[in-house]
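Those protein sequences? They're chains A and B, same order as listed.
First residue of the first sequence? That's 2 in the working numbering, and the numbers climb one at a time after it.
First residue of the second sequence? That's -10 in the working numbering, and the numbers climb one at a time after it.
Read the hints as simulated data drawn from the structure, not as lab findings.
Keep in mind that a hint or two might mislead.
With a straight-line Cα cutoff of 20 Å, these simulated EDC-like cross-link-like pairs (lysine to aspartate or glutamate) come out [claimed, not checked]:
1) LYS6(B) - GLU66(A)
2) LYS113(A) - GLU39(B)
3) LYS157(A) - GLU39(B)
4) LYS113(A) - ASP179(B)
5) LYS36(A) - ASP179(B)
6) LYS10(B) - GLU29(A)
7) LYS62(A) - GLU29(A)
8) LYS62(A) - GLU9(B)
9) LYS185(B) - GLU29(A)
10) LYS236(A) - GLU126(B)
This structure is a prediction, so every number in the text was calculated from the model and none was measured.
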Amino acid sequence: MPCLDMQNGRVVKGVHFIDIRDAGDPVECAQAYCKAGADELALLDITATVEGRGTMLDVVKRVAEATTVPFTVGGGISDVASAAAVLAAGADKISTSSAAFRQPEVITEMVKEFGPEKVTVAIDVDQNQAMPSGYEVYIDGGRTATGADAVEWAKKVDSFGVPVILPTSKAGDGAKTGYDLPVIRAMKDATAAQIVASGGAGKLEHFYEAVEAGATVLLAASVFHFQMIDIPELKDYLRGRGLDLL
Amino acid sequence: MISIIDYGMGNLRSVQKGFEKVGHEAVVTSDPARVAASEKVVLPGVGAFEDAMAELRQRELLEPVLEAIRADKPFLGICLGLQLLFDVGYEHGEHQGFGVLPGEVVRFELPSEYSVPHMGWNQLQIVHRPPILEGIEDGTHFYFVHSYYVAPKDDAVVATTTDYGGDFCSMIWRGNLFATQFHPEKSQADGLKILKNFAELPEAMEPTVAKMLGEK
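Please construct the entire structure, taking both the sequences and the accompanying hints into account.
Take a look at the structure:
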């Protein structure tokens, strides 16, 4: 699942959620990834929460026109109304993070309004040994530590019927040092949700390790945008390691 | 003309766009007269069974849908558009469907290692190959999002099955009536191939197909 991080209508990629580099036009990227055999796409408006803007609906519309796979949109989706606008623009699913953490009832409302299959909850995490699971929830694009245990929060999200949880490792983001496997494993064991591995993919082996840890969807950005790994190559590799893939 | 029936259940642009990508025009419409006048009909939809029937009723679309099926027009149901063809659905109580196919729509009851909704890519096992699966290999993956599945009383209508904690019916076929549990419009080139095959079906059923059905 290639993830298009968006800022001012362009695809960008940061390291540890900051230090942003330009990576292209979103529609061109989406088309290229569909052609290359991506199974899903994610579009994340990385600055929406921080700057208090809504997600760029016109970009969502244009990307929807260009894609032939399901795509999830996140960033700045704070309530049912903003989620409804993004879905109406053509997104298949929405992802919410900071707003969901601040007001968990937003999750319940979205599940009721759109059905659970439309809702993904993203959880930005970083290691913190003071937490029971060793991981703390971050919000506002990784800028605000919450003091809440990440696995406990995942359990609560699961209890609302959310079928997909997307933990992104702050340490791993853009660093290409591998997914944060313990947090994937812990969330997989603690919930009934599908876990999306996100943050840190840099080598083919990293994708395989995430599947072994229990992830069912593998999200990456840098390695795809900067042509370090292409999707057919990745699929061949994972098949070669005995995984049942598309 | 292909009509995609709009009854307020889900984003239909993706289905229309799917047809466009393979060179066929389709209109998104909630006009009963337009549905009645079209050569081919697509009934998509996501959401709850009960709401869908209510929305169709309110827009006076129940009769045009039934009429298209009775007239043996090429008809494609997608996801909820498959489920509605059956007698009864058990989502939030018991609700009547179109009753075109005998059987029920039931919720997945699976061990906890299977998450519900069944969401993601999964394979088709082809039981009876319908013309719209021409060029699609057995075992090809398609995109699914659903918590309920159809249990037809008549096995002869099962075109494909898919394994998710056991086999369920992922596509039905009877004459010119086709319906998929998966989303061809979200399933890359193979999904678009199905839309293309559907769009290019002859308007009247081929005698060979009629004969094959007669032999079943």
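The hints, checked one at a time:
1. Taking the CA atoms of LYS6(B) and GLU66(A), the gap is about 7 Å. The hint holds against a cut of 20 Å.
2. Note on LYS113(A) and GLU39(B): the hinted pairing holds, with a Cα-Cα distance of about 15 Å set against a maximum of 20 Å.
3. For the given pair, LYS157(A) sits about 29 Å from GLU39(B) by alpha-carbon distance, which is inconsistent with the 20 Å threshold.
4. Between LYS113(A) and ASP179(B), the direct Cα distance comes to roughly 32 Å. Violation of the 20 Å bound is thereby established for this hinted pair.
5. Of the pairs offered as hints, the one joining LYS36(A) and ASP179(B) holds, with about 12 Å between alpha carbons and a cut-off of 20 Å not exceeded.
6. A hinted pair counts as satisfied when its Cα atoms are at most 20 Å apart, and LYS10(B) with GLU29(A) qualifies at roughly 16 Å.
7. Distance check on the hinted pair: LYS62(A) and GLU29(A) sit about 13 Å apart at the alpha-carbon level, within 20 Å; holds.
8. The straight-line distance between the Cα atoms of LYS62(A) and GLU9(B) is roughly 16 Å, inside the 20 Å bound, and the hint therefore holds.
9. Between the alpha carbons of LYS185(B) and GLU29(A) the distance comes to roughly 24 Å, so the proposed pair goes past 20 Å and is violated.
10. For a cut-off of 20 Å, the pair hint linking LYS236(A) to GLU126(B) stands: about 19 Å separates their Cα positions.
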